[in-house]
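Engineer: Given next are the chains, with one letter for each unit.
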Amino acid sequence: MSWFSKFLGSSIGRKLLMSLTGLFLISFLPVHLAGNLQLLAGDGGEAFNTYAEFMTTNPLIKFISYGLYFFILLHTFLGVRIWLRNRSAKGSKYAVSSTGTSSFSSRNMAWLGIIIFAFLVLHLYQFWLKMKMGVLEKVNVAGLDEPVNNLYAPVEAAFTDPIYVIIYVIAMIVIGFHLWHGFQSSFQTLGLNHKKYTPVIKGLGAIYSIVVPLGFIVIPIVFYLRHAM
Amino acid sequence: MKLTLKVWRQNGPNDKGNLETHQVEASEHMSFLEMMDVLNENLISEKKTPVAFEHDCREGICGTCNMVINGRPHGPQKGTTVCQLHMRAFKDGDTIVVEPWRASAFPVIKDLVVDRSPFDRIIQAGGYISVNTGQAQDANAIPIEKDLASQAFDAATCIGCGACVAACPNGSAMLFTSAKVAHLNMLPQGEVESSKRVLNMVNQMDEEGFGMCSNVGACEAECPKEISITNIALMNREYLTASLASNTTT
Amino acid sequence: MKLDAKIPAGSLEEKWTKYRSTMNLVAPNNKRRIDIIVVGTGLAGASAAATLGELGYNVKAFTFHDSPRRAHSIAAQGGINAAKNYQNDGDSVYRLFYDTIKGGDYRSREANVHRLAEASRNIIDQCVAQGVPFAREYGGLLANRSFGGVQVSRTFYARGQTGQQLLLGAYQSLSRQITLGKVEMYNRHEMLDLVLMDGKARGIIARNLLTGKLERFAAHCVVIATGGYGNVFYLSTNAMGSNVTAAWKSVRRGALMANPCYTQIHPTCIPVSGDYQSKLTLMSESLRNDGRVWVPKTVENAEAIRSGKKTGLDIAEGDRDYYLERRYPAFGNLVPRDVASRAAKTACDEGKGVSPTGLAVFLDFSAAIQRYGKSKAHSTGMHNPSDAEITKLGRAVIKEKYGNLFQMYEKITGEDPYVYPMKIYPAVHYTMGGVWVDYNLETNIPGLFALGEANFSDHGANRLGASALMQGLADGYFVIPYTIGQFLSKEIRTPQIETSAPEFEKAEQETRDLLERLVSVKGTQSVESFHRRLGKIMWEYCGMSRNAEGLKKARKMVRELREEFYNDVFIPGTANEFNPELEKAGRVADFLELGEVMIMDALDRNESCGGHFREEYQTPEGEALRRDEEYAYVAAWEWDETEPKVHKEELVFENVELKTRSYK
Numbered sequence: 038m039s040w041f042s043k044f045l046g047s048s049i050g051r052k053l054l055m056s057l058t059g060l061f062l063i064s065f066l067p068v069h070l071a072g073n074l075q076l077l078a079g080d081g082g083e084a085f086n087t088y089a090e091f092m093t094t095n096p097l098i099k100f101i102s103y104g105l106y107f108f109i110l111l112h113t114f115l116g117v118r119i120w121l122r123n124r125s126a127k128g129s130k131y132a133v134s135s136t137g138t139s140s141f142s143s144r145n146m147a148w149l150g151i152i153i154f155a156f157l158v159l160h161l162y163q164f165w166l167k168m169k170m171g172v173l174e175k176v177n178v179a180g181l182d183e184p185v186n187n188l189y190a191p192v193e194a195a196f197t198d199p200i201y202v203i204i205y206v207i208a209m210i211v212i213g214f215h216l217w218h219g220f221q222s223s224f225q226t227l228g229l230n231h232k233k234y235t236p237v238i239k240g241l242g243a244i245y246s247i248v249v250p251l252g253f254i255v256i257p258i259v260f261y262l263r264h265a266m
Numbered sequence: 020m021k022l023t024l025k026v027w028r029q030n031g032p033n034d035k036g037n038l039e040t041h042q043v044e045a046s047e048h049m050s051f052l053e054m055m056d057v058l059n060e061n062l063i064s065e066k067k068t069p070v071a072f073e074h075d076c077r078e079g080i081c082g083t084c085n086m087v088i089n090g091r092p093h094g095p096q097k098g099t100t101v102c103q104l105h106m107r108a109f110k111d112g113d114t115i116v117v118e119p120w121r122a123s124a125f126p127v128i129k130d131l132v133v134d135r136s137p138f139d140r141i142i143q144a145g146g147y148i149s150v151n152t153g154q155a156q157d158a159n160a161i162p163i164e165k166d167l168a169s170q171a172f173d174a175a176t177c178i179g180c181g182a183c184v185a186a187c188p189n190g191s192a193m194l195f196t197s198a199k200v201a202h203l204n205m206l207p208q209g210e211v212e213s214s215k216r217v218l219n220m221v222n223q224m225d226e227e228g229f230g231m232c233s234n235v236g237a238c239e240a241e242c243p244k245e246i247s248i249t250n251i252a253l254m255n256r257e258y259l260t261a262s263l264a265s266n267t268t269t
Numbered sequence: 041m042k043l044d045a046k047i048p049a050g051s052l053e054e055k056w057t058k059y060r061s062t063m064n065l066v067a068p069n070n071k072r073r074i075d076i077i078v079v080g081t082g083l084a085g086a087s088a089a090a091t092l093g094e095l096g097y098n099v100k101a102f103t104f105h106d107s108p109r110r111a112h113s114i115a116a117q118g119g120i121n122a123a124k125n126y127q128n129d130g131d132s133v134y135r136l137f138y139d140t141i142k143g144g145d146y147r148s149r150e151a152n153v154h155r156l157a158e159a160s161r162n163i164i165d166q167c168v169a170q171g172v173p174f175a176r177e178y179g180g181l182l183a184n185r186s187f188g189g190v191q192v193s194r195t196f197y198a199r200g201q202t203g204q205q206l207l208l209g210a211y212q213s214l215s216r217q218i219t220l221g222k223v224e225m226y227n228r229h230e231m232l233d234l235v236l237m238d239g240k241a242r243g244i245i246a247r248n249l250l251t252g253k254l255e256r257f258a259a260h261c262v263v264i265a266t267g268g269y270g271n272v273f274y275l276s277t278n279a280m281g282s283n284v285t286a287a288w289k290s291v292r293r294g295a296l297m298a299n300p301c302y303t304q305i306h307p308t309c310i311p312v313s314g315d316y317q318s319k320l321t322l323m324s325e326s327l328r329n330d331g332r333v334w335v336p337k338t339v340e341n342a343e344a345i346r347s348g349k350k351t352g353l354d355i356a357e358g359d360r361d362y363y364l365e366r367r368y369p370a371f372g373n374l375v376p377r378d379v380a381s382r383a384a385k386t387a388c389d390e391g392k393g394v395s396p397t398g399l400a401v402f403l404d405f406s407a408a409i410q411r412y413g414k415s416k417a418h419s420t421g422m423h424n425p426s427d428a429e430i431t432k433l434g435r436a437v438i439k440e441k442y443g444n445l446f447q448m449y450e451k452i453t454g455e456d457p458y459v460y461p462m463k464i465y466p467a468v469h470y471t472m473g474g475v476w477v478d479y480n481l482e483t484n485i486p487g488l489f490a491l492g493e494a495n496f497s498d499h500g501a502n503r504l505g506a507s508a509l510m511q512g513l514a515d516g517y518f519v520i521p522y523t524i525g526q527f528l529s530k531e532i533r534t535p536q537i538e539t540s541a542p543e544f545e546k547a548e549q550e551t552r553d554l555l556e557r558l559v560s561v562k563g564t565q566s567v568e569s570f571h572r573r574l575g576k577i578m579w580e581y582c583g584m585s586r587n588a589e590g591l592k593k594a595r596k597m598v599r600e601l602r603e604e605f606y607n608d609v610f611i612p613g614t615a616n617e618f619n620p621e622l623e624k625a626g627r628v629a630d631f632l633e634l635g636e637v638m639i640m641d642a643l644d645r646n647e648s649c650g651g652h653f654r655e656e657y658q659t660p661e662g663e664a665l666r667r668d669e670e671y672a673y674v675a676a677w678e679w680d681e682t683e684p685k686v687h688k689e690e691l692v693f694e695n696v697e698l699k700t701r702s703y704k
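Chains as they are written, first to last, in my numbering: chain A, 38 to 266; chain B, 20 to 269; chain C, 41 to 704.
Derived from the structure by calculation, the hints contain no laboratory data. Just so we're clear, the structure is a prediction, and the values are computed from it rather than from any experiment. Heads up, the beta-carbon is just placed ideally off N, CA and C, and yes, glycines get one too. Heads up, some of the hints might be wrong.
Take a look, some chain B residues computed to stay more than 10 angstroms from chain C by CB distance [unchecked claim]:
#: 1; residue: 64
#: 2; residue: 66
#: 3; residue: 75
#: 4; residue: 89
#: 5; residue: 112
#: 6; residue: 128
#: 7; residue: 139
#: 8; residue: 152
#: 9; residue: 155
#: 10; residue: 208
#: 11; residue: 214
#: 12; residue: 240
#: 13; residue: 249
#: 14; residue: 266
If you want the footprint, here are the derived chain B segments under chain C, 3+ residues with CB under 8 angstroms [claimed, not checked]:
#: 15; region: 80-86
#: 16; region: 115-127
#: 17; region: 143-151
#: 18; region: 180-186
#: 19; region: 221-235
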């Protein structure tokens, strides 16, 4: 397997891993968003809790979720390593730096990524960990015999806390910027650059990196406004 | 026109270096390097050491000249080397900061002169077609599509100046390496060795301590020959195929 | 000294083939034990080093650049000739041979030129195999264009960057040999002396430019391929670093400088704009395929243009003098370079120059833009296109053909050449003269070879466009790999040469003394200022036209300038460090000696031929007047501080008849 480890250790191999893990995470976001949008159903959390129950008990989903955790960690770990290597490859900095020739996102992927990771820690601590620890209260939902975790309650609590809402909105904007570059960049890394299709990919990437974070942002804002009113 | 120049002075690779300020009187018809000549003539007349900078053909093709001007490799003009940049791109009274290429793989030798020998070693790793003199068949024996020849030419037009590395926030040499890979792998003559070529060249590039491409695109924007990052995508593709699909295991 | 060109016997067509098949060879096991030094990594040097490495010799290659790819061959724009006859327009080896002999104004060796024409075909094959992306037709086959002085299309090209692509091809082959361990590459090393042992060239002294250290390198023979000496004029199309040093140091060790007065002044360069100017930029000769050269018919109009009251666009068609088309109807704008340059000078001397300095003529593409525009409109099915549409389409065609040249022109002058006609003027471009070599490309010093522009061999008194690349590569790929065997086959018993020999010791010491002498002057004037002054003298008295009186004066001036240089030059720093000013000083010191020999050669040659135009010798119409009975010889100069001496090699013409060159 020496050729394989050599391949994965090469600059292009590592970038390939970044690209593939990134694309996986990109594909996860809409799923997550679809689930979250059920928070807006206005049914006191029934649909959302049913969905949460499904996501935590279905064996296939469970399996994929372990992959997800792993890829998040791998993407972060590799990203940081690449960033460190790139910093040392660059060496000293210019006295005057020019920024006009490249996008803000592309130059700050590592910082954006680190902020996102920090947010993820907070995010998982707040919702996922509580769920796993079994500290949530149980509620009954239609269609299921057993009572399920009421994940809706901590969500509602968080989304009515103005500080958390602000943190959440900022984090989503950061994700948007990360995606702005990451989406099309992952295709370039895979070698998918084509006169005809690259503009399409870039367009899709732009739409995606605005629409998806916006979708996430809408939820806490709606919650907060409802609460405030 | 009167200019204030802040020029990087560094007496050898281990010296710390600093920006030194000078006043220069220039004409707008001068090239940037001719303005630097004036500065050096002034320094020599004051019995001071002139600023070391590299240059040769002064017509934008040899790839020798290299300066970062106000944060931009080869200065503000698109698709232009320093030697072809003329002072009409600046205004009277401007302050101009001149620095060397910065990248760990290109250590500073003196002032604005850096060591770009890693590029030679990347080419030596596989940037050629193995044909001995006298082995060639008739030149018209392989027809090559006009557009393909033209694309290969666009990649081959790289002058090896290193602006891509200088511009890249990661100090990556992917644009340079990919330009040569693309030029040769695209052509039927170069296909025979294509897997070996891309594997060896990327390997050498990594060994030289260049950073990794994160598709920032500054290289493409600053390249005086406007070489496209589609070449990098092509190299990625070639590398993936060569690593995963070819029989080459080394 | 008797100069033996060693031209093989037999008919012209068979000489090279027969010679090649019967010459002495070095067996592969012996090649492994033989070292060769190649100085210079341009087209000739890189191709030679790569090919000799492929053959099995141990090669050490040297360049003063940071990389072998920077050699000035890279800047050649227009193309490379080859007698492929792909266009079916009547080309052949003989025609290329004949055109070259005639273009060179009958001052080159028949046998060498014929060999060059033969090799031209292999060069294209070799380069295509290396991946050189030559221009192609829609059918996928190679495209050609025309160059000056010929009536066929035999020039292969890669946009306006042919030299770059060919050099990269040779550089890649060289890189491959470096990887294979057959070539050891020494970048940033400048040859500062040639070492002779028992009269044979056995090594060099080179200065490591990064450390300033002098280093000794030994080999069984030495090949120099270090280009031409056009920078003796200070302003030329050569790169700033191009120099005569390696060749001149060889001359100082006894090699001969042949025909140094033959300088090519290229007709289409961007005119000088001010005193600060450091170099001149060539606009490829290929532009004359489509550009028409003209000046206003009247001095009044020319004055109006010079003072900025009018532009070229304001001069009506009837008020323009397309002087090349008028004077040379058969070749028109595609007359050879020497003819075109002199005609431009004549027009400007008559007061018809069109730049503020009065030294420029127009090169106009408007007719070509209209022609191409109409044809393009027709081929794309546009009926009754408007003038604006035609112009737009025509400009697009021109852009595709010469885009990079037009862009370069605009960058330098700030004027849009698609709208305003280009302004051009002749400038020093190439030197036909060089180190004297025989048919084997060996100098009069056994074991010292000279290739490419560094030698004098193939272009006579004037080089045709797109022939320099051809000669450089022919010498490196297809001539030296064979002919070097004539010398080396006698050296197979010679053990490895040791650099500890007293000859190396002595040469190194002499080099050190010279460098110390230069840095210790600590005078008041910069190296650059001396170079500028030398250039002015050379251009004024030994440039586009020369006369005996001026040349005599110039010789004195150069000698005085040389003395002043050694007494008043200021070089900062020391010889033991990275010191670009010292590098320049060494080169200028050599130019100061070469300049004198050039002047003496121009004075000795009482005739006009090719790039050498003596005002005393011209026809009533102002064309060059050759004097074949007395001057059909190669003048090979032996250096001597006080009085350089000339040796003559008679040129024998058995196959072509010496005629007055006519392009009418």
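Engineer: Indicate, hint by hint, whether the structure satisfies it.
Structural biologist: To see whether the hints hold, each was checked on the structure:
{"no.": "1", "hint": "64", "result": "7 angstroms, violated"}
{"no.": "2", "hint": "66", "result": "7 angstroms, violated"}
{"no.": "3", "hint": "75", "result": "4 angstroms, violated"}
{"no.": "4", "hint": "89", "result": "18 angstroms, holds"}
{"no.": "5", "hint": "112", "result": "20 angstroms, holds"}
{"no.": "6", "hint": "128", "result": "7 angstroms, violated"}
{"no.": "7", "hint": "139", "result": "5 angstroms, violated"}
{"no.": "8", "hint": "152", "result": "4 angstroms, violated"}
{"no.": "9", "hint": "155", "result": "4 angstroms, violated"}
{"no.": "10", "hint": "208", "result": "5 angstroms, violated"}
{"no.": "11", "hint": "214", "result": "16 angstroms, holds"}
{"no.": "12", "hint": "240", "result": "17 angstroms, holds"}
{"no.": "13", "hint": "249", "result": "16 angstroms, holds"}
{"no.": "14", "hint": "266", "result": "22 angstroms, holds"}
{"no.": "15", "hint": "80-86", "result": "holds (count 4)"}
{"no.": "16", "hint": "115-127", "result": "violated (count 0)"}
{"no.": "17", "hint": "143-151", "result": "holds (count 8)"}
{"no.": "18", "hint": "180-186", "result": "violated (count 0)"}
{"no.": "19", "hint": "221-235", "result": "violated (count 0)"}
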